[in-house]
Amino acid sequence: MTQQLILYPLLLQLLLAILLMFFWKKINTQRIISMLGSLVHLAVSIGVFAYIWNNGTQTVQAGSWEAPFGITFIADTFAITMVLLTSIAGLAVSIFSSGSVIGDRLRFGYFPIFHFLLLGLTGAFLTGDIFNLYVWFEIIIISSFVLITIGGEKAQLEGAVKYFTLNFLASMIFLTAIAVLYGLTGSLNMADLANKVAAVENRALVEITAILFLIGFGIKSAVFPLYFWLPASYHTPPSAVSAIFGGLLTKVGVYALIRVFTLIFVGDAFLDQILLVLAIFTLFSGALGALVQNNIRKVFSYLIICHIGYMIIGLGMFTEVAIAGAIFYLVHDILVKTNLFMISGLIYRIKGSNSMRALGGFYANYPKLSLLMFIPLFSLVGIPPLSGFWPKISLITASFETGSYWSLAAIIFASFITLVVIAKLWAEVFWKDAQEIPVKPKFRYYHKIKNIKRIQIVVPIVFLSMVTLYVGFGAEHIQTLATRISSELMNNQQYIDAVLNTQISE
Amino acid sequence: MEILLAIIIGILYAAGIYMMLRRSLVKLIIGIILLGNGANLLIFLLGRITEGAPPIIPEESKVFLEAYADPVPQALILTAIVISFGLQSFAIILVKRAHKVVKTDDLDEMNATDEDS
Amino acid sequence: MSTLILRTASNYLLPVLLVFSIFILLRGHYLPGGGFVGGLIAAIAFVLHAFANGLDNTKGLLRFHPGFLMPVGLALAFFSGMAPVLVDQSFMTGLWFPQPFPVIGNVGSALFFDIGVYLVVIGVTLTIIFTISESA
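Line by line, the protein sequences give chains U, A and W.
Residue numbering for the first sequence follows the UniProt record's numbering, beginning at 1 and increasing consecutively.
Residue numbering for the second sequence follows the UniProt record's numbering, beginning at 1 and increasing consecutively.
Residue numbering for the third sequence follows the UniProt record's numbering, beginning at 1 and increasing consecutively.
Read the hints as simulated data drawn from the structure, not as lab findings.
One or more hints might be untrue.
Said to hold, decoys possible - Taking lysine-lysine pairs in the PhoX-like style, the calculated list, with each CA pair at most 25 Å apart, reads:
{"no.": "1", "chain 1": "U", "residue 1": "Lys162", "chain 2": "A", "residue 2": "Lys27"}
{"no.": "2", "chain 1": "W", "residue 1": "Lys59", "chain 2": "U", "residue 2": "Lys26"}
{"no.": "3", "chain 1": "U", "residue 1": "Lys162", "chain 2": "A", "residue 2": "Lys103"}
{"no.": "4", "chain 1": "W", "residue 1": "Lys59", "chain 2": "A", "residue 2": "Lys27"}
{"no.": "5", "chain 1": "U", "residue 1": "Lys25", "chain 2": "W", "residue 2": "Lys59"}
{"no.": "6", "chain 1": "A", "residue 1": "Lys100", "chain 2": "U", "residue 2": "Lys162"}
{"no.": "7", "chain 1": "A", "residue 1": "Lys62", "chain 2": "U", "residue 2": "Lys154"}
{"no.": "8", "chain 1": "U", "residue 1": "Lys442", "chain 2": "U", "residue 2": "Lys25"}
{"no.": "9", "chain 1": "U", "residue 1": "Lys392", "chain 2": "U", "residue 2": "Lys424"}
{"no.": "10", "chain 1": "U", "residue 1": "Lys154", "chain 2": "A", "residue 2": "Lys96"}
Stated by the list, open to error - Restraint-style ranges between C-beta atoms, simulated for each label pair:
{"no.": "11", "chain 1": "U", "residue 1": "Glu476", "chain 2": "A", "residue 2": "Ile81", "range": "43 to 53 Å"}
{"no.": "12", "chain 1": "U", "residue 1": "Leu469", "chain 2": "A", "residue 2": "Ile81", "range": "19 to 29 Å"}
{"no.": "13", "chain 1": "U", "residue 1": "Leu291", "chain 2": "A", "residue 2": "Lys96", "range": "44 to 54 Å"}
What the hints assert, rightly or not - Chain A regions said to be covered by chain U (calculated; three or more residues, Cβ under 8 Å):
{"no.": "14", "region": "2-12"}
{"no.": "15", "region": "81-92"}
{"no.": "16", "region": "103-112"}
The beta carbon of each residue, even a glycine, is placed where N, CA and C say it ideally should be.
Given the sequences, and given the hints that come with them, work out the whole structure.
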């Protein structure tokens, strides 16, 4: 049974989703199952992570079909780290949803769909088959469509139309790229593809396929100039949904980009150049976009775009140090972005508004909560020793080493603008005198809801802040992890061997 | 046959994207459907078209005796069709709801998400 | 749509189509067919009945919400995939009973997976069509 160990996070998530579907109408039961299940999932993920950390990359050939003919599931350190982060963010958002999302929305199958979303994410990280990756992506986007429209308010539906159209287009481009790749090589297994693509003589066609993948994943991970769906939709659903979207959905696109461009399309200087240019523009445009927004959630949406640039820039420089920086940033970003959207939800619960102009006086009225919110906000900026600081060292070192001074300028510019944005947000929301906000008669304000709900809203924020603090103060551990991942990614022969040379037990 | 299919795929992609770029919500759905079909046909074409027996090995032998059709593209297409079936039915319901709430068919007038609030 | 001929015909067609859908489901392992197609045919049988007799009659006939078939089918498929893990084989490996059953033929975990798919397809299709026609 231990051979199938890496599938357990996946299967557990599926089991949870199915179980929740049986209790379609019973919201309270769903709440309990979801929270307990997420807790168990976190324990399982930690267990599997420890196993992979000690024993190295593990593979499972589904249905006992030998690679490259069947579907392979593979957990290297990168994949299992992402699974672990998914279950940390999943647990936090599960508790947060239970406290903050109103019952009318939960009644439409919020929790089952939420766990299907986590299932899709876990599957996308663990799969070793490119078409299977497409299927997991579809599970992710279909669940996200449902989550983004639950409630059916005007802004939500309009945001959903935009979100749907561009994500659908991305899927179709991804599918087209898979078709072309299959036509070129006759294989779908990623490890097998790595060998076969290197042997293809028609390099122009390989490059075009790579660009198709870049566009498909680029739309999903919101890089310049393909990000316009993100700020148009991420602020419309309930903040619990925004939290899981902002934390994980764009990151799965980044994961796919890193996977494909370190395994299948490797060592193409032209592609790396394109990635670098895209990343620099992403950093600039995201930062400038965040500067002019007034709605807190829109500010965070633009910051998501901006910070995607850090990860892509690491991939574009393509040295071991740079990729380690990108991975570290990925770890930090998932935790902090999830937390920030939950914080915006908490602010909305307290004041009934997310407009920076209207808000104010938070520090005077809620000093403890304000200090709590200080942690993720300034981790995002990267004030040392908080978590956002460490990956930037790697990235800046790498850009000196590769001599790409434009990247250096972009990294520093984006950090600086992030600082300005967060400082502005802090001054407006926390330090400015409290403003008169018209009271909404039916709105469930923070001071009106039950104590248990308040705990459910605050605890996940505390939990993620603690994890963020650990990433900041225990940066040495995370740096070791990131270095190990990046050396695994740069020497992909190990991955290929792990998939193609496994024996199947009879 | 390949040439004909290639032309059809080109037309489907072009028409699909053209329809998606129109302002009308209904045309958006038509575009989605056309684009999905184009992608499925592309997988079919790139999986090499063979005229031959189904890919089943006779009971008494161990290998294929003659040319066979590659089953993988068909499995891919079946999966892709099921997925696009789900996506399209979702799109239809979404567009219906959006039309009911926003009371317009024009995508240009859907700008509540850009408002500063 | 609710002419006498269609209504009478649909009453007789419903059981015939359901039996046919099960036939398609069972022959699916080696021949064209299987859970997905079978499920669609079964769903079409109910949709035809709904066209002829109205949505409420069909719902009365079903007695439960078709959405309930989704978790049932998913659970069946899940456990048929899990069964080989319990005997130390890879996830979703086909397990077979040694002796073929009369009429049905060889029975294995693949059949249970297909039945799961069959139920999910009926559930999903009917839920979608009922939702669309209700909100029309």
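Under the criterion that the straight-line Cα-Cα distance not exceed 25 Å, is the pair W:Lys59, U:Lys26 satisfied? 22 Å, holds
Should the hint that U:Glu476 and A:Ile81 are 43 to 53 Å apart at their CB atoms be regarded as holding? 50 Å, holds
Checking C-beta pairs, does the region 81-92 of chain A have three or more residues closer than 8 Å to chain U? Contact hint for the region 81-92 of chain A vs chain U: holds, 5 residues under 8 Å.
Quick one, are U:Lys442 and U:Lys25 close enough, alpha carbons at most 25 Å? 24 Å, holds
Coverage criterion applied to the region 2-12 of chain A (partner chain U; beta-carbon cut 8 Å; 3 residues): violated (count 0)
Are the Cα positions of U:Lys162 and A:Lys27 separated by 25 Å at most? 14 Å, holds
So if I understand the rule, the pair passes when the alpha-carbon distance is 25 Å or less; does W:Lys59 with A:Lys27 pass? 33 Å, violated
Measure nothing beyond the straight line between the CA atoms of U:Lys154 and A:Lys96; if it is 25 Å or shorter, mark the hint as holding. 13 Å, holds
Does U:Lys424 sit within 25 Å of U:Lys392, going by the straight-line distance between their CA atoms? 22 Å, holds
So does U:Leu469 sit 19 to 29 Å from A:Ile81, Cβ to Cβ? 48 Å, violated
Is the hinted range of 44 to 54 Å satisfied by the C-beta distance from U:Leu291 to A:Lys96? This hint is violated: roughly 38 Å between Cβ atoms.
Taking a Cβ-Cβ distance under 8 Å as contact, does the region 103-112 of chain A have three or more residues in contact with chain U? As far as the region 103-112 of chain A goes, the hint holds, because 4 residues have Cβ atoms under 8 Å from chain U.
The structure fails to meet hints 4, 7, 12, 13 and 14 from the earlier list, while all remaining hints are met.
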